[in-house]
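Visitor: One letter stands for each residue in the lines below.
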Amino acid sequence: MSAVTDGLQDRLDSLRATYACERRLEELLTSKLLDRESTATVRAGVGLPDPQASLEQFLADSLDGPVAVGGVSRLRGGGANEAYAFTLTRGPETERLVLRVKTPGAICATDATREFQMLQAVQGLMPTPRPVLLTEDPSYFGAPAFISTFVPGTSAPTFDVPKATGLGVTYGPRLRKALAPAFVQHCAALHSADWSGAGLDAFDVPRSETTDAIDWRLGFWERAWEQDKLEEHPTMLLMSQWLRENRPPVDRVSLLHGDYRNGNFLFDEERGEITAVIDWELCYLGDRHSDLAYTMLPGWGSVDENGTFLVAGLMDEATFLGEYERISGLSVDRDRLHYYSVYNYYWAVVSLLGTGPFHARARTTQLDVMYNFISGLGGRFVGDANALVLED
Amino acid sequence: MLPAVPDLLEALKSRMAETIIPALPEDAVFAQEQAGLMLATLDWLIDVQADQYLYEVVENGDHLGLLDTLRGIAGDDEETGDAVGQPGPPADEVPVQAAHLVDLDDLRECNRRLKGLTGALYTRIGAHGGPDQVDRARHALAAVARRQERRERAFYRMTGFPVDAEDLGTVLRDQSPTT
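Line by line, the protein sequences are chains A and B. Using our numbering, you'd call the opening residue of the first sequence number 1 and step up by one each time. Using our numbering, you'd call the opening residue of the second sequence number 393 and step up by one each time.
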């Protein structure tokens, strides 16, 4: 074993000892670090060189009978997944599908198998893309990937000029009225679902009435920050300390989306109907207040014509929480909302000021300009987090 | 310096907006998104490029001051002092005063090392210090965090994410150690 390898092994041992997190996520962060030491194994430049050929090979190996792939087009955004829409033809049947490939230079490290399993678990709870095929074999697309159905719809109204990745989408009075009830309904259904027997073996299951879930999340994000930060940040030190000192136990372990906000659902603009909740990369098992506090972050919302703040640009806070409690039958604890607001700022800043700029600088992503640009949101979140953590 | 940096950036912005973006195919959605972000980034660069050096000078002053303060806090107690490695990091790791530096890249790297040192010292005080030391360290770090937040809000204002952000030059002149 070379000296460099010994040094890396020491670092890995130290990271594992310091930051306990879920098994698969620990492996994910470890593989990220190892890949950096062996750049020859990382898909250079990012962007599949020939997505059609890769899809044809994978589908021929995975499905019976002849297949044909056409109409391949890369989709916008893609902070965690590179996404390509395509048409699959099998005999007389044609179907529009989406390939999602885990990008080596993603703005946060996420796991294809967890996302695939969560999508399977929530079928029937709400409209989502239906997961079709999964591969953990990087020989096809350079990284783990999965295929899901293509759901028509838009993430922003035609009159809106959204920022990158659908951040800060606004809807206008007609669409707000139409979309808001379903938005809260889907959130409530997710958190109150009985997920026992759901086949979530890619997830470690936290115990209720303990801090397992938040301990593992903090361990994951703290380690990601440690691995990716270009420089230390005083607010990150203060947030980490505060979060460790104030961890609340979870009363009920729920399925969590992890990124439930405006911009992360598709809708039919004419009918005013949510057609799919998308972007499940950050899903996990934990405290519902984590999702709720995230949805309620001021950074996603907007004010209506009367100056009232709208959660996710859709409804006022009292309506959001009141309807959520009524539909889910679950209570909302203001102290835990406060705690998880800080938690959400923490992990968001890890991604926006840590991992994103790291990959932009390392030239391991074609989203380098976007990652640099949305660091501005990280700057905003630092201020928002200071207001919460330094309030005393 | 001719053409001056702002002139170079303005020319890039004009060609991107007037020539390149209109020529992109309608179905090239990924390319269109990237081009739009490049245009917005050029606006951001035009807003902040003149203030880079002063930004790093102010950062240097803040974090040098924080390092001194944290060392003082750690040194109050013999046990904590040992734990944080008193009398401090090796001399060649300690950044020199900004006024002695002329190269922007060197200054930036220097500040990154400095932030790493203050972070490590703060963490060690948290792990090994008494309640009073931990509290004093937290207040010192919080003061630096607030000043850095103000700078960052101004730096990022052209991204559109910070609300009611100030002009960066104004903030830096206000925070500059020479004013």
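Possibly wrong hints are sitting among the right ones.
Each pair of labels, with its calculated beta carbon distance range [unchecked claim]:
#1 Gly-522(B) x Gln-123(A): 25 to 31 Å
#2 Gln-444(B) x Asp-201(A): 47 to 53 Å
#3 Asp-6(A) x Pro-417(B): 31 to 37 Å
#4 Pro-417(B) x Arg-252(A): 29 to 35 Å
#5 His-531(B) x Thr-308(A): 47 to 53 Å
#6 Asp-527(B) x Arg-252(A): 33 to 39 Å
#7 Asp-50(A) x Thr-411(B): 26 to 32 Å
#8 Gln-424(B) x Gly-70(A): 19 to 25 Å
#9 Ala-85(A) x Gly-522(B): 55 to 61 Å
#10 Thr-411(B) x Gly-91(A): 56 to 62 Å
#11 Ser-331(A) x Ser-406(B): 26 to 32 Å
No wet-lab data here; the hints were simulated from the structure. Even for Gly, the Cβ is constructed at its ideal location relative to N, Cα and C.
Visitor: It remains to establish, for every hint, whether it holds in the given structure.
Guide: Consistency of the hints with the structure:
Restraint check, Gly-522(B) to Gln-123(A): a C-beta distance of roughly 55 Å breaks the suggested window 25 to 31 Å. Remark: the range hint 47 to 53 Å for Gln-444(B) to Asp-201(A) is upheld by a beta-carbon distance near 50 Å. Under the hint 31 to 37 Å, the C-beta atoms of Asp-6(A) and Pro-417(B), about 52 Å apart, miss the expected range. For Pro-417(B) paired with Arg-252(A), a C-beta distance near 50 Å fails the hint of 29 to 35 Å.
The hint said 47 to 53 Å for the Cβ distance between His-531(B) and Thr-308(A), and at roughly 36 Å that hint is violated. The given range of 33 to 39 Å is respected by Asp-527(B) and Arg-252(A), whose C-beta atoms sit roughly 35 Å from each other. The hint said 26 to 32 Å for the Cβ distance between Asp-50(A) and Thr-411(B), and at roughly 30 Å that hint holds. Between Gln-424(B) and Gly-70(A) the beta carbon distance is about 22 Å. The supplied range of 19 to 25 Å therefore holds.
As the Cβ distance of Ala-85(A) to Gly-522(B) is approximately 60 Å, the hint placing it in 55 to 61 Å holds. In this structure, Thr-411(B) and Gly-91(A) break the distance hint of 56 to 62 Å, their C-beta atoms being roughly 47 Å apart. Between Ser-331(A) and Ser-406(B) the Cβ separation comes to about 56 Å, which falls outside the hinted range of 26 to 32 Å.
The structure fails to meet hints 1, 3, 4, 5, 10, 11 from the earlier list, while all remaining hints are met.
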